[in-house]
Amino acid sequence: MKLKKIMTTLLAASLVLGLTACGSGKKNTTVDNDTSGAKNTEQSSGTKKDESNGEKIKLRMAWWGSQTRHDATVKVIELYESQNPNIDIEYEFFDFDGYFTKLNTLVASNTVWDIFQLGGNFPTYLDKIVPLDEYIANGTVDTSHTTDAYLLTTQYKGSQLALSSGVNSYGIAYDPALFAQAGVAEPNDNWTWDEWKQACLTIHEKLGIYGSSKLDDFISGCSMGISQEDYSLNFFAPSNDKLGFDDPNMLVDYLAMRKELVKAGAYPDPGAIAEIKDIEGDYLVTGEAAMTWVASNQLKSLIKAADRELKIAPAPRKFADGPSGSVIQSSQMLCISKDSKVPEEAAKFINFFINSVEANEILQGERGIPIMDTVRMALQLNADETTNTMYNFIDLIGSYKTGEEVNVISPECKTIIEDQYKLLVEQVIYGDKTPEEAAKEIFDFASRQFK
Amino acid sequence: MEKKEKRKLSLHKFLYNDNTVGYTFALPFIIGFLGFTIVPMIVSMYYSFTDYNLIKQENFIGLDNYIRLFQDVRFLKSVRVTLKYVFFSVPLKLAFALFIAYLLTRKSKAVTFYRSLYYIPSLIGGSIAVSLVWKELFSSKGLINSILMNLGIEKVSWFGDQKLAMVPLILMTVWQFGSSMIIFAAGLKEIPSTYYEAAKIDGANKGQSFVKITLPCLSPIILYNLVMQTISAFMAFTQAFVITKGGPNDATNFYSLYVYNQAFKYYDMGYASAMSWVMLVVMSLITLLIFKSSKRWVFSEAGQE
Chain A
96 MKLKKIMTTL LAASLVLGLT ACGSGKKNTT VDNDTSGAKN TEQSSGTKKD
146 ESNGEKIKLR MAWWGSQTRH DATVKVIELY ESQNPNIDIE YEFFDFDGYF
196 TKLNTLVASN TVWDIFQLGG NFPTYLDKIV PLDEYIANGT VDTSHTTDAY
246 LLTTQYKGSQ LALSSGVNSY GIAYDPALFA QAGVAEPNDN WTWDEWKQAC
296 LTIHEKLGIY GSSKLDDFIS GCSMGISQED YSLNFFAPSN DKLGFDDPNM
346 LVDYLAMRKE LVKAGAYPDP GAIAEIKDIE GDYLVTGEAA MTWVASNQLK
396 SLIKAADREL KIAPAPRKFA DGPSGSVIQS SQMLCISKDS KVPEEAAKFI
446 NFFINSVEAN EILQGERGIP IMDTVRMALQ LNADETTNTM YNFIDLIGSY
496 KTGEEVNVIS PECKTIIEDQ YKLLVEQVIY GDKTPEEAAK EIFDFASRQF
546 K
Chain B
884 MEKKEKRKLS LHKFLYNDNT VGYTFALPFI IGFLGFTIVP MIVSMYYSFT
934 DYNLIKQENF IGLDNYIRLF QDVRFLKSVR VTLKYVFFSV PLKLAFALFI
984 AYLLTRKSKA VTFYRSLYYI PSLIGGSIAV SLVWKELFSS KGLINSILMN
1034 LGIEKVSWFG DQKLAMVPLI LMTVWQFGSS MIIFAAGLKE IPSTYYEAAK
1084 IDGANKGQSF VKITLPCLSP IILYNLVMQT ISAFMAFTQA FVITKGGPND
1134 ATNFYSLYVY NQAFKYYDMG YASAMSWVML VVMSLITLLI FKSSKRWVFS
1184 EAGQE
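First to last, the sequence lines map onto chains A and B. Counting with the working numbering, you get residues 96 to 546 for the letters of the first sequence. Counting with the working numbering, you get residues 884 to 1188 for the letters of the second sequence.
Excised from the complex, chain B in its bound form (with noise of 0.2 Å):
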């Protein structure tokens, strides 16, 4: 009897435990997390060791997908297109959105229409109905060529120039700019105002304050977003995809496009699964680097060493 009651009481504490509780409620997301994220990474780990190619089974082959990765001059040039991408487009898109978040967080009525209205953008995200309005827009009849002919200057091929064709695809890029803004403007409104009472009173005109003020104060979470934003950066593959796929001559082929083409195209599952490991790698040091970077420009107001 006593037992039997001690049991249920043991039963009754476990339900009710605070742990027991948490991860009930994260199950869904770990079983997520499990299942469409570590176990496919592990298999894809596998796969980069293998001639997997969907259809027939696979064969161990060691490193070979390694070492073929280094010698194939497609991959090299989508190293090196893709890393030209992540240059340009990040710091622009992010100066932009700090720029606009600066103009919006002034006290105004319409600031609230104003920020959901340049937010829009990022909430299409990377669609392939964007893309292909953009492919539109910079088409030889499409509406920035006949801006340009109107001006009197000549039109141009824009994906049909091997230097040119990046550009859509980065403006694109940085007309997306609203997830970056909105944080930049919450860290905008967490800058106290005293400071740049003080410096007023001290004579300092905007441009001072913004550089010794705002930017120091922003500082961490301009490197949160310029982390985010380079690991989005490296990823991207719809409007490649979609706009130039690839071309002209590899100009645009993206890191993670090539992914796509060589194990769905080409359906070389094993050299793509060893593509997306070195992409793994790769991004993770240009992240260690930002942060290793962070201890010179990023200010901290408790001042932790």
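The shape of chain A in the complex, shown without the other chains (with noise of 0.2 Å):
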């Protein structure tokens, strides 16, 4: 009787105990990883060991991407870490979904990292982000070495939000020696969507694979379908708060032509896009396809996962002589969030990032051109052939003449809209709308959202 009256007593005591210990906070239980010499693998979330006083500065970074660009950045971080040594970063990196689903629910619990990445979409989180000026101003961020043009792409209402890691656009990535097998003529600077069509068509007759992997539907069909058709027109209007084109038709072309490949078979039905996972797994790079959608900053890694040939060509325009719809724009960018206790550090690393010749030699404009004279220069220097082309696509693009406003970034409600018309485009390949009824209905349905 008596031992159970000690054990309950014990029990709810150790309960009781136990509990006030989950909230006391979280001990201090640094792990140590450098037990086993200097080698700190990809994995290790970069925890050190703490010799001086125990007042490591701990920034949290995290970015999506390919894995190529995972092995260069945490590289990149652990060369500022080893320069820094009272800097502690803690990095995750995410597929596209992950990054933005993780990031949405960081953003609600007010706990975002320090440095994180933000694309297109950044008008999303304005209220989450540290503007530079601040920063720029008093020398920790030097932007000394690029062009206003360059610093515009990541303006908003006349501050600095960040700076871009790299500029890109998009293209067709292609395999010149499955055109020549299939005796299509490689693509010219100022190809349509016609003989982009025909070119499908007669490859995948001639081969028996399909043209062309998987397109970003979204891009090619609306935002820079409708700058194709006019110099003035953007699907966004640049004030981000209406359509900048009043025509539904002119989005009927790209959906006829999406389904026209299906049913001939020379591009993928829904079932064999899904199954696209990464760069890795993209149709071009397993053989399976002659061409495939690319932004120029992701060719790099394209091209080692094919480990053949490929070239890159300018998106297709719908008139030869017409506008090329294509833009150089900010790839991505780092943020400074404003959950962040030590800002002016996260500065401090995004200006490393930006700036050092020596981590930009490692991450290899894996992340766009980058936007600094010097960082450019140094990287031409020993540029290797895909690098050059990489270069010499983005000079070509930045050749063309584009309209007077051109809206390179996009509002909140972009991510339905863009779904929407995925799933219209699905519904045009099935059968259940006519190419027609689809534009009508997506073009009803982006003006709803800006009500």
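Note that these hints are calculated values from the structure, not bench results. Heads up, some of the hints might be wrong.
To be verified - Result set (SDA-like, lysine to any residue): computed pairs, CA atoms no more than 20 Å apart in a straight line:
hint, chain 1, residue 1, chain 2, residue 2
1, B, Lys1148, A, Asp190
2, B, Lys1128, A, Tyr194
3, B, Lys1046, A, Glu370
4, A, Lys252, A, Asn335
Claimed, not checked - Restraint ranges, calculated between C-beta atoms of paired labels, are given here:
hint, chain 1, residue 1, chain 2, residue 2, range
5, A, Glu355, B, Ile921, 48 to 56 Å
6, A, Asn285, B, Pro923, 49 to 57 Å
7, A, Asp416, B, Tyr929, 53 to 61 Å
8, B, Asp955, A, Glu500, 31 to 39 Å
Cβ atoms here follow ideal geometry from the backbone N, Cα and C, with glycine treated the same way.
Combine both chains into one complex, guided by the hints.
Encoded structure:
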């Protein structure tokens, strides 16, 4: 009986203790990763032995991207830590969807990473970004080696939100050997969607493979597609509060073309597209397609994965003598979050990431062409063939005439419009809707999002 | 002096009271239940009347979210798709579980081994890994298509065909029949063997004794499994999220996947909350219907009317 009493008391006490311990915040449980020597594997989150006074500044950072990008970014972080022993950077990396899911939950709980990566969707997160203006003024961030045009790609209402970690543009990567085998001429700089379609059909007919792996339907059909109609048009108006065109029929041709190609077997059906997991699994890489859609900064990963000669051509136009619709844009940028307790340190790292030649020799322009002259020149000195291709491609796109106001960023409602568009593309393919009906529907749907 | 003694005694009494001990041990659950279930539910109820989007301050918009639901074609399709999934996957899974359980109640040394073996798929549950394996199995160059092609049948684009995309998802659920099977096996063992012996003497064959004895005796357990599996089937998410992402053309856009997309992809938390509440109501109604119908087919030994 007595034993029972003692046991109950003990159990209850340990329970209460356990509960309070849970609530008392985390104990200092620094994991020592360095016991096995200086080797720090790529998977370890960079927690290092705490030698000095135990006052290491911890920075949290996250990004999305391919394996090539993860490896290079981790190396840069390790380089920075070795040069700044008082800094400890904890990093996480994701695929694109996973990244934004995590980011959104962190936004809601006000615990966004100190340094985080954003793309053209940054207006959604304006409330979370600490602008760099102050750090540029006090010299923490150096912008003396770049131009206003490059700085402008990451500004919002006059405020410098971040610096672009590289500029890119979209194009079509293709396998010249397969083109030759199918007897199709390689694309020229102002080829049209009609020529692209014909190439797809011929390649499929001759070689039995897909003409093209997946395109980014929303960009090729909508955002770029509308800008190809006329120099003055954008899918989203530059003010980002309404659509930048008023004729749904401009969307019809693309939808009709997509349907025709799937029907002919020259383009993967939605099921086959769902099977593509990453760049390494792209049908161009596996040799099951002769072309694919690519952002110029991804060309490197793509060629590395394919391990054979691939070339890049500009995205096809609607009219050979019309606007290209292609623009040079900031691929991504690293932002400082408002939740950061050490924004100054975050700014220092961003400055290093953008300005350090040593860091960028590791990164090799994987996030796009660097915006700093110093870095660009250093990289070009010993650039390999792929890097040069990328530079030439960006130069080519930069030489195209563009409209007065080109919108390279996107409003908050872009994701839902994009998803609806992709759903409608599938409905057109399955014959549930005609291209005309789908075009009208997406136009109305998108317009409603701004009300 | 006496007062102090008295107080000490009452404290002692309080500490050793059965209720106190009970509540103390139940406390972790109570805290968890309040913190992770009740409070979020109340918050979500509130958000369902607002346009909360994670980032900005919310506005109260009354019943707008609920009205919007019934005009949303994608939502209505997701309801249809989910009902279809529940309707096919649950009976198939239960039938399969009962069949295996029936086989595994025989007296044999290897029974425990086989039971564990069949239970494994349920242990790994709705995990990402299983879904990825399933995706590979049914991919255009996957195992299933290779088998089909070896049999001389043309390969099938499982995830490219609107009508077929649901099949791999249902099969995956059916494959994870282990937990229902264990419960069925326990139930089967409870049926007195004398019933079967009596039936045998009366000349009943195996099929007859299964229908007339096993099924009625097992009916309370069938009811339990039916309710549990129906509820979990309504909440199916991982398979669709990992394998099909809801496609093609929303053919596998399950309810919970759509809720997730509205919440974490379009940041429409208010709308997603409203959707979750409608889901709760629908699920409660269907569970209620099952319970109501059970009076007609669940046989209770005690003979309570």
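Practice prompt. Verify the proposed pairing of B:Lys1148 with A:Asp190, using a straight-line Cα cut of 20 Å.
Written response: OK: B:Lys1148 and A:Asp190 at ~14 Å, within 20 Å.
Exercise. Given the hint that A:Lys252 pairs with A:Asn335, does the C-alpha gap stay at or below 20 Å?
Worked result: 12 Å, holds
Next on the checklist: Would the hint linking B:Lys1128 and A:Tyr194 be met if the CA-CA limit is 20 Å?
Outcome noted: Holds - the C-alpha atoms of A:Tyr194 and B:Lys1128 are around 16 Å apart, at most 20 Å.
Practice task
Would you check the hint for B:Lys1046 and A:Glu370, treating anything up to 20 Å between C-alpha atoms as holding?
Solution key: 18 Å, holds
Worksheet item: Are A:Asp416 and B:Tyr929 spaced within 53 to 61 Å by their CB atoms?
Response: 58 Å, holds
Cβ distance range 48 to 56 Å for A:Glu355 and B:Ile921, holds or violated = 55 Å, holds
query: Is the distance from the Cβ of B:Asp955 to the Cβ of A:Glu500 consistent with 31 to 39 Å?
result: Since B:Asp955 and A:Glu500 have Cβ atoms about 34 Å apart, the given range 31 to 39 Å holds.
Exercise. Taking the CB of A:Asn285 and the CB of B:Pro923, does the distance hold inside 49 to 57 Å?
Worked result: 56 Å, holds
Checked against the numbered hints given earlier, the structure satisfies every one of them.
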